[in-house]
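**Q** Residues per chain are reported as follows:
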Amino acid sequence: MTSSKKIQVLVIDDDEAMIELLEGCLSKIGYEVTTAPDGLKGINAAEKMKPDLVILDLLMPGMHGFDVCQKMRENPNLLDTKILISSGKGYAVDVKAAKLLGADDYIVKPYEIQILFDQVEALVGKP
Amino acid sequence: MTPLSVRFWGTRGSIPAPGRSTLKYGGNTSCVEVRFGDEVFIFDSGTGIRELGLDLIKRADGAAQRGHVFIGHTHWDHIQGFPFFVPAYLPKNKYTIHSVKSIGESFETIFRRQMGINYFPVEVGDMSSQLDFNHIDTSPFEIGDVKVKTSFTNHPGVNLAYRLDFEGSRSVVYLTDHENHASFSGDSELARRQDRAIEDFCRGADLVIVDSQYTEEEYELKKGWGHSRWKDSVALGVAAEVKNLALFHHDPTRTDDALDAISSEAQKIATAAGSSAKVFCAQESKEHVL
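Going down the list, the sequences are from chains E and S.
Going by my numbering, the letters in the first sequence line up with residues 727 to 853, in that order.
Going by my numbering, the letters in the second sequence line up with residues 93 to 382, in that order.
These aren't lab readings, by the way, just hints derived from the structure by calculation.
Every residue, glycine too, gets a C-beta built ideally from N, C-alpha and C.
Among the hints, erroneous ones may be present.
Negatives, chain S to chain E, calculated, CB over 10 Å [stated by the list, open to error]:
# : residue
1 : ALA155
2 : MET207
3 : GLY217
4 : ILE361
5 : LYS370
Below, a list of computed lysine to aspartate or glutamate pairs in the EDC-like style, where the Cα atoms sit at most 16 Å apart [as the list claims (entries may be wrong)]:
#  : chain 1 : residue 1 : chain 2 : residue 2
6  : S       : LYS150    : S       : ASP130
7  : E       : LYS835    : S       : GLU234
8  : E       : LYS797    : S       : GLU197
9  : S       : LYS335    : S       : GLU309
10 : S       : LYS323    : S       : GLU357
11 : E       : LYS797    : S       : ASP229
12 : S       : LYS116    : S       : ASP349
13 : E       : LYS767    : S       : ASP229
14 : S       : LYS323    : S       : GLU309
15 : E       : LYS825    : S       : GLU197
16 : E       : LYS808    : E       : GLU758
17 : S       : LYS116    : S       : ASP343
18 : E       : LYS776    : E       : ASP806
19 : E       : LYS797    : E       : ASP764
20 : S       : LYS323    : S       : GLU312
21 : E       : LYS835    : E       : GLU746
22 : S       : LYS315    : S       : GLU357
23 : E       : LYS835    : S       : GLU281
24 : E       : LYS822    : S       : GLU197
25 : S       : LYS241    : S       : ASP229
26 : E       : LYS825    : E       : GLU800
With the C-beta cut set under 10 Å, the calculated list includes, among others, these residues of chain S facing chain E [what the hints assert, rightly or not]:
#  : residue
27 : VAL192
28 : LYS193
29 : SER231
30 : ASN246
31 : GLU281
Next comes chain S alone, as it looks inside the complex (with noise of 0.2 Å):
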């Protein structure tokens, strides 16, 4: 069977929180290597994509590469590494990147106009590797054997969820940036129903990535901003049987110590749920084997 790992190169939400209390878990944001035999796929563009570009080189050894990146949207905490991915500017290389159509704009005029003249010296059109663009909606799609399923999240503006469907029946889904509808919102008819299609999207999964950003206490000032209590995510994971489950988005202010203690109290959560999932804080730099 192909190898499919998962490895998390940026792990934050909403700003960099680089600095000695978050050495463990990394203060990179949002960015995830999915590698399949030898293909790329990456979640998000935040500032941990610069790291997994160097890496990439090293790998490739001079070899071209190709690469697939799938945006969830256009807030900068997942597009703003884009601009130091070294790959994209060496003319041998091919990356596809697949987003939706923001608000009112393309995703590709949103992502181009942060590396405009005022922002960034080089411009996108500037970058020597072959760079397509592919504007999807929630329709699926295939990439070679690999199935590609997209939702739309609870997030303000237009946001993406992914799952990918492998080989041998193993898939990864990446949500982040979704706030529980039934938290948001209410508990209600709707809500319930909306909060099942979410889990149905993460049904079975292998591994689910999930925004789990705040903590109960947070949520009472920032309900509405479009990010889930971890607690949340961890009845999501349980609820839709999930064999992995990584917490991840983490809020900028949360230390190392603070994450290990939700990485254990989550998973003494699960665990009394009667769920055999393993759930843990997504830590940068980690690779996990699927």
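Okay, chain E solo, but in the shape it has when bound (with noise of 0.2 Å):
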């Protein structure tokens, strides 16, 4: 990564909320975030920019996170990329079949903001 280049997140999830709140809270703090309001146009989204940093919903319309999750992993060209699922779910299982794909991190909703900031910096580093 360097320097010039501002650190790349995309955000998946249908609430309109979220996106908006993870969207300002990031971009303020320096980050460049893209959002997607499903799994597929999210994949689509990914495949284009080859984010740094995929923040990504379980319980979209469409396809499940954790479908888009393994796809993403599939795919070699997003192998650098990092995966962090953002869910109401806090299951154990959950957590355990996120890693299980190739998740990064899971932090379960609803949260404070400053613990989303902590894990994304520690997955990709500061703005």
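Both chains come to you apart, so use the hints to assemble them.
**A** Here is the structure:
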């Protein structure tokens, strides 16, 4: 990652309020944020932009977030992209499944925004 | 108008619960038949599907059978009856099995595996009927004139709820293996939005078959197991203005007496909340005409 290029974050979530919140907060501190409202659009966006980080919801219209995660991990062009699952589903099985499918971390919604910042920073560094 | 009816063949969650204390509501695991004219739609293939299969053969009287099986997810209580679904062994029959990809594997792979050589003497491929697997997500689709909608539920892993809309604005929702979001994750704007989405999915349905596995006391111990308190399910039915609410996926420990008491209390709660819905605990073998 060079200092001249902003760290790119793709948020895939169907919840408009969550999209608005993450886009606002992450942009404000210097990340470049793109959003997608469902898994299919998210995969297409990820293939085009090859983001540094994908923040991925699980329960969305169309594809389940686990399927999106697996498809991204099967794409050799996205091997360097970190995936952070962001879901209201905090079941232990889901956390385990996310890891199995290649996600790098998991955060359970709702969360304090600072906790998200810390996890994002741990994955892709400071903006 | 084409006749529409629903019959429960298995109402239990987790594991079959046969015995003297469950004779009225039944001991078989999840299986519900929706009949629309001559068309048969089946929700889940828990152990209840065995008796349904025998009944279908009797009703067909030698004729070829067609049907659709909608599987919510591949936990045992939703698939373990399929090896004993006799119509699937008859060459003239054709069934389409619909479900969603699970954790890392297609549902077909998982579904077939339960009949792998170490688990059962007959493999899915040895069943002589035509079995088609339809992998779906939550995009709506149609089967003839029937509109099928699905929604992911709040359950460990991946699970689908189904809504079938028929002619004459009649609809049936099958929403089991779901835990109320706010009860699970705490009251928040997000949890309320998620619960509202489920409410909208059920809105105005003629019949909603809903996960109601736990009492309040049990939920204290089993919060996060992916099932709802029956009182949360009654509140959902009232808010979604459903016409009939079948409390379903009964805990294997729940006796007939306990379910009678829940039926009665649930109806009182709904009525007191201003709902005109008929609320009851789903009872094996019972048919409801819509």
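**Q** It remains to establish, for every hint, whether it holds in the given structure.
**A** Against the structure, the hints:
no.	hint	in the structure
1	ALA155	38 Å, holds
2	MET207	24 Å, holds
3	GLY217	25 Å, holds
4	ILE361	26 Å, holds
5	LYS370	30 Å, holds
6	LYS150/S with ASP130/S	14 Å, holds
7	LYS835/E with GLU234/S	34 Å, violated
8	LYS797/E with GLU197/S	12 Å, holds
9	LYS335/S with GLU309/S	28 Å, violated
10	LYS323/S with GLU357/S	9 Å, holds
11	LYS797/E with ASP229/S	14 Å, holds
12	LYS116/S with ASP349/S	9 Å, holds
13	LYS767/E with ASP229/S	14 Å, holds
14	LYS323/S with GLU309/S	12 Å, holds
15	LYS825/E with GLU197/S	15 Å, holds
16	LYS808/E with GLU758/E	15 Å, holds
17	LYS116/S with ASP343/S	14 Å, holds
18	LYS776/E with ASP806/E	8 Å, holds
19	LYS797/E with ASP764/E	14 Å, holds
20	LYS323/S with GLU312/S	14 Å, holds
21	LYS835/E with GLU746/E	15 Å, holds
22	LYS315/S with GLU357/S	22 Å, violated
23	LYS835/E with GLU281/S	11 Å, holds
24	LYS822/E with GLU197/S	15 Å, holds
25	LYS241/S with ASP229/S	10 Å, holds
26	LYS825/E with GLU800/E	14 Å, holds
27	VAL192	7 Å, holds
28	LYS193	5 Å, holds
29	SER231	6 Å, holds
30	ASN246	6 Å, holds
31	GLU281	7 Å, holds
The structure fails hints 7, 9 and 22 (numbered hints given earlier, in ascending order).
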